[in-house]
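In the order they appear, the protein sequences are chains P, W and Z. If you count the first sequence from 1, position 99 lands on 99 in the numbering used here, and the numbers rise without skipping. In short: position in the second sequence from 1, add 313, done, that's the numbering used here. In short: position in the third sequence from 1, add 619, done, that's the numbering used here.
These aren't lab readings, by the way, just hints derived from the structure by calculation. Incorrect hints may have been included.
To be verified - Under the rule of at most 27 Å between Cα atoms (straight-line distance), these lysine-lysine pairs were calculated in the DSSO-like manner:
id, chain 1, residue 1, chain 2, residue 2
1, P, 222, Z, 740
2, Z, 730, P, 222
3, P, 222, Z, 745
4, W, 567, P, 159
5, W, 567, P, 268
6, Z, 622, Z, 730
7, Z, 765, P, 222
8, P, 169, W, 579
9, Z, 740, Z, 822
10, Z, 745, Z, 622
11, Z, 740, Z, 823
12, W, 579, P, 268
13, W, 390, P, 59
14, P, 222, Z, 818
Unchecked claim - Computed, partial: chain P to chain W, Cβ under 8 Å:
id, residue
15, 19
16, 29
17, 126
18, 241
19, 248
20, 289
21, 292
None of the values given here were measured: they were computed from a predicted structure. Glycine included, C-beta positions come from ideal geometry on N, C-alpha and C.
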Amino acid sequence: MARYIGRRLLYMIVTLFVIVVLTFVLMKILPGSPFDTERFEKLTPEQQAAALERYGLDKPIPVQFLRYLGNTLRGDLGTSFYYTNIPVTRVIFSRLGPSMLVGAQAILVGLAIGLSLGIVAACRHNGFVDNFTMVIAVLGISVPNFVVAALLQYYVGLKLGWLPIGFWKTWSCSVLPSLALCFQPLATAARFIRTETLDVLQQDYIVTARSKGMSQARLLLKHTLRNSIIPVITIMASMVVNLLTGSLAIESIFSIPGIGGLFTESVKNNDYNVIMGLTMFYSLFYMLTILLADVTYSLVDPRIRVAGEKEGE
Amino acid sequence: MQEKITQDMFVPVRSDAHKQEYIARKHHSAFHDGWIRLRKNKAAVVCAVLIVVITVMSIIVPYTSPYAYYETDYKHKMNAPSSEHIFGTDLFGRDQWTRVWYGTRISLLIGLAAALINLVIGVFYGAISAIAGGKVDAVMQRIIEVLVGIPSLIIVILFMMVLPPGVGTIVAAMAVTGWVNMARLVRAQILKLKNQEFVLAAQLLGTSRWKTILRHLIPNTISVIVIQVMFAIPSAIFTEAFLSFIGVGLAEPKASLGVLINNGYKALRSAPFLLIYPAIAIVLIMVCFSIVGDGLRDAFDPRMKR
Amino acid sequence: MNKLLEVRNMSVSIHTDGGVIQAVRGVSFDLREGETLAIVGESGSGKSITNKAIMGLLPVGGRIDSGEVILNGRDIAHCTEKQMREIRGAEISMIFQDPLTSLNPTMTVGKQISEMLLLHKPQMTKEQRYNRALELLDMVGIPNPKERCAQYPHQFSGGMRQRVMISIALACEPRILIADEPTTALDVTIQAQILDLMKALQKKTNTSIILVTHNLGVVSSVADRVLVMYGGRFAETGELDEVFYDMKHPYTQGLLNSIPNLQLQDQALYSIPGTPPDLINPPHGCPFAARCEHCMRVCQKFQPPEFTFSETHKASCWLYDERAKGGAQNG
Chain P
1 MARYIGRRLL YMIVTLFVIV VLTFVLMKIL PGSPFDTERF EKLTPEQQAA ALERYGLDKP
61 IPVQFLRYLG NTLRGDLGTS FYYTNIPVTR VIFSRLGPSM LVGAQAILVG LAIGLSLGIV
121 AACRHNGFVD NFTMVIAVLG ISVPNFVVAA LLQYYVGLKL GWLPIGFWKT WSCSVLPSLA
181 LCFQPLATAA RFIRTETLDV LQQDYIVTAR SKGMSQARLL LKHTLRNSII PVITIMASMV
241 VNLLTGSLAI ESIFSIPGIG GLFTESVKNN DYNVIMGLTM FYSLFYMLTI LLADVTYSLV
301 DPRIRVAGEK EGE
Chain W
314 MQEKITQDMF VPVRSDAHKQ EYIARKHHSA FHDGWIRLRK NKAAVVCAVL IVVITVMSII
374 VPYTSPYAYY ETDYKHKMNA PSSEHIFGTD LFGRDQWTRV WYGTRISLLI GLAAALINLV
434 IGVFYGAISA IAGGKVDAVM QRIIEVLVGI PSLIIVILFM MVLPPGVGTI VAAMAVTGWV
494 NMARLVRAQI LKLKNQEFVL AAQLLGTSRW KTILRHLIPN TISVIVIQVM FAIPSAIFTE
554 AFLSFIGVGL AEPKASLGVL INNGYKALRS APFLLIYPAI AIVLIMVCFS IVGDGLRDAF
614 DPRMKR
Chain Z
620 MNKLLEVRNM SVSIHTDGGV IQAVRGVSFD LREGETLAIV GESGSGKSIT NKAIMGLLPV
680 GGRIDSGEVI LNGRDIAHCT EKQMREIRGA EISMIFQDPL TSLNPTMTVG KQISEMLLLH
740 KPQMTKEQRY NRALELLDMV GIPNPKERCA QYPHQFSGGM RQRVMISIAL ACEPRILIAD
800 EPTTALDVTI QAQILDLMKA LQKKTNTSII LVTHNLGVVS SVADRVLVMY GGRFAETGEL
860 DEVFYDMKHP YTQGLLNSIP NLQLQDQALY SIPGTPPDLI NPPHGCPFAA RCEHCMRVCQ
920 KFQPPEFTFS ETHKASCWLY DERAKGGAQN G
């Protein structure tokens, strides 16, 4: 197990390196310099040159890269150009809270509703709940979350005035964005658990369990769900990632001061260091989530032993 | 029963060897079986027809419409839907009906192109990796393991920022990481088939390596590939819409469904219909593709066979 | 001997997408105390479905159309699901063909055994159940029961898993054990061990066994009586010796002829030509008619009645009708 995790961590480092190189190169090709946006309009060309020098942007690109890489290894991602002199890590961490809140709420609500719907659907295969769940599942995956967000904002927030929109102060501000974001995890979870449960219900050990003469409730809880719910862990990682990217649009729609909004902002402002910092943050978060999901899965499911080799494909 | 048992019925009849081997139920090839299952799936059939209709409309409407998608008319800005402008007009007085269909065309084009590029790269990569095996496979798989760690949408956004906006850029940006899944799928499928008895049987019977690949591996991998493509198209359409929505996609006056949704969102308070129609269009396309994709998977993927 | 279980004229159909399969078409038999009754037939002959119907565990779309299953004077084919639950595991237990897939992969073996006790012996304490589980594992010949109890099924070999299945089935000392192809998925050497174990346990507990199999070797080594099933009906029924040494039905003859004989090395393997009938459209006459070398016109059109050869030995074949003069030939 330790060897397996070690190997995975090694891959993560290589991947991160590839990402750093890629983003760095892209940043260099990017049109415009960080100091030609509106905010820095008043700077004279001399001042601009001085600013470039101060940030080391006048050095040859390989030197810049090595310096960046060295700083990154020391945990120093540089400072934001836009939020002058504030370290990138601090900019990112100051924006983390709202994103986490909205994301966590969306996942929890989505999982709770999605799993219940999917399980009931599987138990009443081809019944009303099943058909209803399938419709929800298809819609949840097909309707882009930014469309849902826009409609919720307009109809629930503006027309009905039930919930606040456009600012970020109280918890109630997080309800609509979480709602907009929860449909995708809801649909994914419902679909997944439905298929898994239907599959488990056909297994031989379910017949064995029935032949023991147990109640339907016990059959479902102890023998069916236990086996069908474990694989849900495997889709958790992709759900988390979907939320992260989904939040890019949602956060700007609802004016949430989160990292999704920060990313979109930085893209507009050519804030290199923040973009690279965020890209790395997203990638690291992504890879750690996948690793965590895989490890948890192998720990929870007695059948799968991660021995360092691919198993149980 | 109409007949009575009579003495003359107790004489042996000659057995008919042909009749003994007769199997009452008709035998179908796997493909034929899948086809029958697919046709039984009414939702999938309806959606497939809808996809065709939408595609044809998206090609025809922009040509036959009296307005061009870029044609502005500042006298008729943000008009509500009427007989003249079926979906109304936008911020610049452009006919929304024409623009929605034109946007649909662009979105479909992007979806198809992205899926095809993923297909080509993915299939080649996966197939080479699986067929070559050994060290080549090991190296290629390590590369994939590095690539799957990349959060693709972030990279796509970065690419979109650097490259000049346009359909080609979007497709290229999505191709950077999009093929990885296809490659893994194709490799897994071929490895599975490679170890199956019928391929071994073909080889034992003296079929050459390339003939085995052509005759057995490819046809048996195709269903997996087609299903994956059916899921890749809506996913690419979604990605494009997302990119355009956050402002790094196509530039005006070009229209895709994402651009239209973005414009509609900006004008939501005064003219909600500008968001509604393109939103319906994208949802309809996504729903149809995912239902057809599901239908194909249920019909052709033997793992799903009951 | 007492009749434990009586099946009277039972018909079972299964509704599928492709049509209605008439899997079992009017079978009657009884099971006596302490005996081993073998049901033999090719796959698709209806032998497994017969037993699943007795247990009330028919697959989706399956139902008992007519007939009775009488246990302790009660018709269990038509009782409620709740009543049936009390019978399953306590009165009738079942073990299955594939021990690899028949055990819950995410539950420890100990829990799967004691679950049976929890369900049917609620008066037992947790500790009593645990001790009983250890005792059962020991009884079926699994060493280190304490250690094994906490393990998961994938940590057991195929033969060991089947032993676990047997220990689960016998946990509540049921009067009837239905063994559905219990050795088919196992290695030959393990097969013998499992059969010996079943025989030994049967002697100890006086459980009646219904053994479903297509393996005639298994039948000859453990069965007291044999039912030969074909096309959803019984072709021939009788004591082991009667069916094996004085077989009447051409199908039984074919079955027995197809056992490879080690003494006759240069002899080609015999097989019955043809394939079993499609039970979606079952033939009007004898289901075996299309493959039978003695087939007569009457066989193709009319269902043969049951002819009795001794108190226990019966066969359904027109060859034994007096009108088929001298037609009866033993193989």
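Hint by hint, here is what the structure shows:
Restraint check: the Cα-Cα separation between residue 222 of chain P and residue 740 of chain Z comes to about 18 Å, which is no more than 27 Å; the hinted pair holds. Straight-line distance between C-alpha atoms of residue 730 of chain Z and residue 222 of chain P comes to about 11 Å, which keeps the hinted pair within the 27 Å bound. Among the hinted pairs, residue 222 of chain P with residue 745 of chain Z is consistent with the structure: their alpha-carbon atoms are about 17 Å apart, no more than 27 Å. Our distance criterion of 27 Å between C-alpha atoms is broken by residue 567 of chain W and residue 159 of chain P, whose separation comes to about 31 Å.
Distance hint between residue 567 of chain W and residue 268 of chain P is fulfilled; the C-alpha atoms sit about 21 Å from each other, no more than 27 Å. Of the pairs offered as hints, the one joining residue 622 of chain Z and residue 730 of chain Z is violated, with about 34 Å between alpha carbons and a cut-off of 27 Å exceeded. Our distance criterion of 27 Å between C-alpha atoms is met by residue 765 of chain Z and residue 222 of chain P, whose separation comes to about 23 Å. Simply put, residue 169 of chain P and residue 579 of chain W have alpha-carbon atoms about 24 Å apart, close enough for the 27 Å limit, and the pair holds.
Distance restraint check for residue 740 of chain Z and residue 822 of chain Z: the Cα-Cα separation of roughly 24 Å lies within the 27 Å cut-off, and the hinted pair is therefore satisfied. This hinted pair does not check out: residue 745 of chain Z and residue 622 of chain Z have alpha carbons roughly 36 Å apart, beyond 27 Å. Among the hinted pairs, residue 740 of chain Z with residue 823 of chain Z is consistent with the structure: their alpha-carbon atoms are about 21 Å apart, no more than 27 Å. Distance check on the hinted pair: residue 579 of chain W and residue 268 of chain P sit about 18 Å apart at the alpha-carbon level, within 27 Å; holds.
The suggested pairing of residue 390 of chain W with residue 59 of chain P is violated, with an alpha-carbon distance near 51 Å, which exceeds 27 Å. A hinted pair counts as satisfied when its Cα atoms are at most 27 Å apart, and residue 222 of chain P with residue 818 of chain Z does not qualify at roughly 32 Å. Contact between residue 19 of chain P and chain W, as hinted, is supported at the beta carbon level, the nearest pair being about 6 Å apart and thus within 8 Å. For residue 29 of chain P, the interface hint holds, since its Cβ comes within 8 Å of a Cβ in chain W; the closest pair sits about 5 Å apart.
Evaluation of the residue 126 of chain P hint against chain W yields a violated restraint, the C-beta minimum of about 13 Å exceeding 8 Å. Below 8 Å, beta-carbon pairs count as interface contacts, and residue 241 of chain P has one with chain W at about 6 Å; its hint therefore holds. Interface hint status for residue 248 of chain P: upheld, as the beta-carbon distance to the closest one in chain W is roughly 6 Å, under 8 Å. At about 10 Å, the closest approach between the beta carbon of residue 289 of chain P and any beta carbon in chain W exceeds 8 Å, and the interface hint on this residue is violated.
A cut of 8 Å between beta carbons decides the hint on residue 292 of chain P: the least distance to chain W is about 13 Å, and the hint is violated.
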